[in-house]
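All chains, please: the whole structure from these sequences, using the hints.
2 protein chains.
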Amino acid sequence: MATASEAALSLHSINPRVIAAEYAVRGRVPKRAEEIENRIKSGEKYPFNKVMYCNIGNPHKLGQHPISYFRQLCSILFYPDLLEEKAVSSLFPLDIQKRARSILAQIPGGIGAYSISQGFPFVRNDVAEFITKRDGYECDKDSIFLTQGASAGVSVVLNLLIASENDGCLIPIPQYPLYSGTLSLLGAKEVPYQLDEQSHWSLSMDSIKKAVEDSESLGVHLKGLVVINPGNPTGTCLSEENIKDILFFANAHKIAVLADEVYQTNIYNPAEKPFVSFRHVLKKYSNELKSVVLFSFHSVSKGFVGECGFRGGYFQTEGLDQDVHNQILKLQSLSLCPNVMGQILVDLMVKPPTPEDESYPLYLAESTAILSSLKRRALRLSAALNDLPGCSCQPIEAALYAFPSIKIPPKAVQAAHDKGHSPDEFYCLSLLEEEGICVVPGSGFGQKDGSFHFRTTILPREEDFDDLIHRFKEHHIRFLEKWGAEQDVEKMLEEEKKEENEQKDHLHYLSHLKSSKPSCLKKNSSDNFM
Amino acid sequence: MATASEAALSLHSINPRVIAAEYAVRGRVPKRAEEIENRIKSGEKYPFNKVMYCNIGNPHKLGQHPISYFRQLCSILFYPDLLEEKAVSSLFPLDIQKRARSILAQIPGGIGAYSISQGFPFVRNDVAEFITKRDGYECDKDSIFLTQGASAGVSVVLNLLIASENDGCLIPIPQYPLYSGTLSLLGAKEVPYQLDEQSHWSLSMDSIKKAVEDSESLGVHLKGLVVINPGNPTGTCLSEENIKDILFFANAHKIAVLADEVYQTNIYNPAEKPFVSFRHVLKKYSNELKSVVLFSFHSVSKGFVGECGFRGGYFQTEGLDQDVHNQILKLQSLSLCPNVMGQILVDLMVKPPTPEDESYPLYLAESTAILSSLKRRALRLSAALNDLPGCSCQPIEAALYAFPSIKIPPKAVQAAHDKGHSPDEFYCLSLLEEEGICVVPGSGFGQKDGSFHFRTTILPREEDFDDLIHRFKEHHIRFLEKWGAEQDVEKMLEEEKKEENEQKDHLHYLSHLKSSKPSCLKKNSSDNFM
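Those sequence lines, one after another, are chains C and W.
Numbering-wise, the numbering used here comes out as the position in the first sequence, counting from 1, plus 368.
Numbering-wise, the numbering used here comes out as the position in the second sequence, counting from 1, plus 368.
FYI, nobody ran anything at the bench for these hints, they're computed from the structure.
The beta carbon of each residue, even a glycine, is placed where N, CA and C say it ideally should be.
It is possible that part of the hints are untrue.
Pairwise CB distance ranges (calculated) [stated by the list, open to error]:
#, chain 1, residue 1, chain 2, residue 2, range
1, C, 589, W, 564, 45 to 51 Å
2, C, 620, W, 474, 52 to 58 Å
3, W, 754, C, 722, 54 to 60 Å
4, C, 566, W, 534, 44 to 50 Å
5, W, 411, C, 642, 46 to 52 Å
6, W, 411, C, 722, 31 to 37 Å
7, C, 719, W, 743, 41 to 47 Å
8, C, 620, W, 533, 31 to 37 Å
The following block contains the structure:
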């Protein structure tokens, strides 16, 4: 590499907006995690033998199996000759063979040709039917744009909206850092509004109104309002009432709404906290909401699909002027088309097999198993985090994350500042170095001043959960003790003892049941994690 | 859709840079082609039964078969269970099975997991070896960034370079409109330099120097110099001497070089006009060229691979400061990672089977067949275009396109202006309406004032070439006659007659040979195209 003095490019000459952009999910902590893993590989001793990556919603990396239906179909589309061999075709259920033939008939040139830039019409048609059924209101296939994952869609829409440096976009705090990163890159103003942690991270209209007033006084022209529902990193679902308030507000202020709904099928308490789409509420009040422009995003990377590697997704628009629609088409055409297999997987996701199909039982079994396991993991992780002294976690109702609040002792805050780290980053680095768990500091998502959080996924395998929870706890207690919060630890241990005794009484009564005492409370060395 | 008065978004409120961006390859003419095709489908009569899409380098769409090796491997990666079934595995050559296992071992989580943002290390390693071998100079795998096709790479690099509205980028005229489109979107200045049509579209240093002087006088800060080699739309190769001049110029002016080399394997006259990479020349003169920063782009969409639907590619950097490298990594991480199958296909492209592999003979046969057919088509098309009166086409030495210059009669120019079309667009629309051939007007790529061109691919199937050439000619002659250039047509017909007579004499001599008279000269109705 060239030395700085000779190079034609340096930090001083490149786009300062690139430098300003940050993307926390792949920031300092995950980078350190990779370093540690490389050191372990080259023989260095650590108190664990591999890093648990809880920093990113990447289910297959952590052992989640792909749904066979998707993979069997894709496999045929790549190599249609498979259908011609009897020995082979007998491996694939007949409905899959039939669907593969039907898809191939609809993509002239096969999967190796560019599609039109908006995406295959038959896929958009199936997405429109899925949305119609979900919302109870007819959806037009031309309102759908297929994209390379939801991130690419967000980038297109923000590129469309942001016209100058005085333009801004409302984003939730905490948020998914794709939004702040892309806005920085576009040179736009991030206008934060605070989610209300104490009431399940609901969206406080007061906070939005205040953000709007502040931005108006600064001359910022608000072009978009980002809502992430189900929440990332918050793991909660907005109520229909809350969504209605947001839409009426956006209508009055003529601000476009970006509804990030990529976790719409990761719902763990549907009876009490169901997923409600922004589009459903918009259509329900369509007589009043005449000025709303809505962009809603979905992806094949989440849900029980979890196929992050495909980079498939779409966004759907409501209330869009035809001229503006055409401009989006042009923007899309600059990158030619979304990758074809990503488009196909969107189709399979929104139109899965039905009960009369031979492939249905396996599909149902696999998808149900993933979703119920995620639900169990969500419950266990939030309970375990709430058990830690000075740690509080809202119920994980949805999505793939917990975003607990942690009290960090003043001495640790001071030590962090001395090192040039934020206190939550300091905590996360300590968790990584000591227990090999890689999570993302809350500061990467935004948090109320003086509060500290981290985001962890719920994705480690269920059989690793005892281990995971044990490690979280071991580290947390050591951290508090090291930085002078022993009294918190003692208080917790007393409470645990009390609970344990209560449990014992209970066990006398239900003596046929196994002890439900969490394994992390058992006295054991950490040998088994070396 | 909302009416304009109610909508929160309109052409007046969106990003004006989006409106300014144009992407000709998917512009007005192809849009009209789609309309016509829909009309034909719904029973409307046209003098042809389908449109020949010559507007875009999309080989599989026009019937080019995928290389079996790539597809067999991908098919297994999607559904590794195929390897477990004896009946199935016997279908795949052993080396393919072995390579599939080896790839799976290197991608934890399989193809459904995000990779690291820069792309899989093993793929970058293989790319580095490919580049080392190609250039004769060692290449570092960390200088390679995998991308979703070359377009995505160009967008990342231009985002990095362009810091303000006063920044500009040198682009060739004619150019591939991805560059002008992306620069418009970034609000940067396009600084055109003219390629010299008469000398095989070589890069005239005088033109570059003039462009630089002009831009300096306007206060434009030049950040990048785009070179497309082999040329798109020009179909020609730059000489090593020409590349050397460019690099010395970039070195002196500290302008980063963007070398678009996606057609590096589409070379039809390698003895006289071989492909020479920018990196090879840079390394050769590395003692002198200390300030050059080079980004070179490659893709799986072109060559004989032609897998446009995968969206796979990479760029490789030279002379990059480590800090700037890290900024690119951050930019890449905003979109998480390039789609995994695109990454894998890059690997297969740069590291194909070798002679000792069972799959080699088929691979060699398929790839050679495609390349030799492309060469024959290149020769035939340029010859046929040069035969047309007032049409002149440089030899197609490389890539997938011809970019002939056409004289448009003054009356047609006037008629075009009256309709609000550019004269070349007027010509292309006429070609589309009358003969169903969809090409792109030269104005979409840029051309010298007063000159007119169009770009056509050489991709229609070889068996359709008689038909294609016939249609080009029929339209061209009618167009000239209609717009008052009958004398050109007469002159051509006379010359043809002369040639035909000469040919007859020749045929007497070589009476065992079939007549080489092009079928398009035979008198026939256009019935067979109805």
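Query raised in the report: Which hint numbers does the structure go against, in order from smallest to largest?
Result: none
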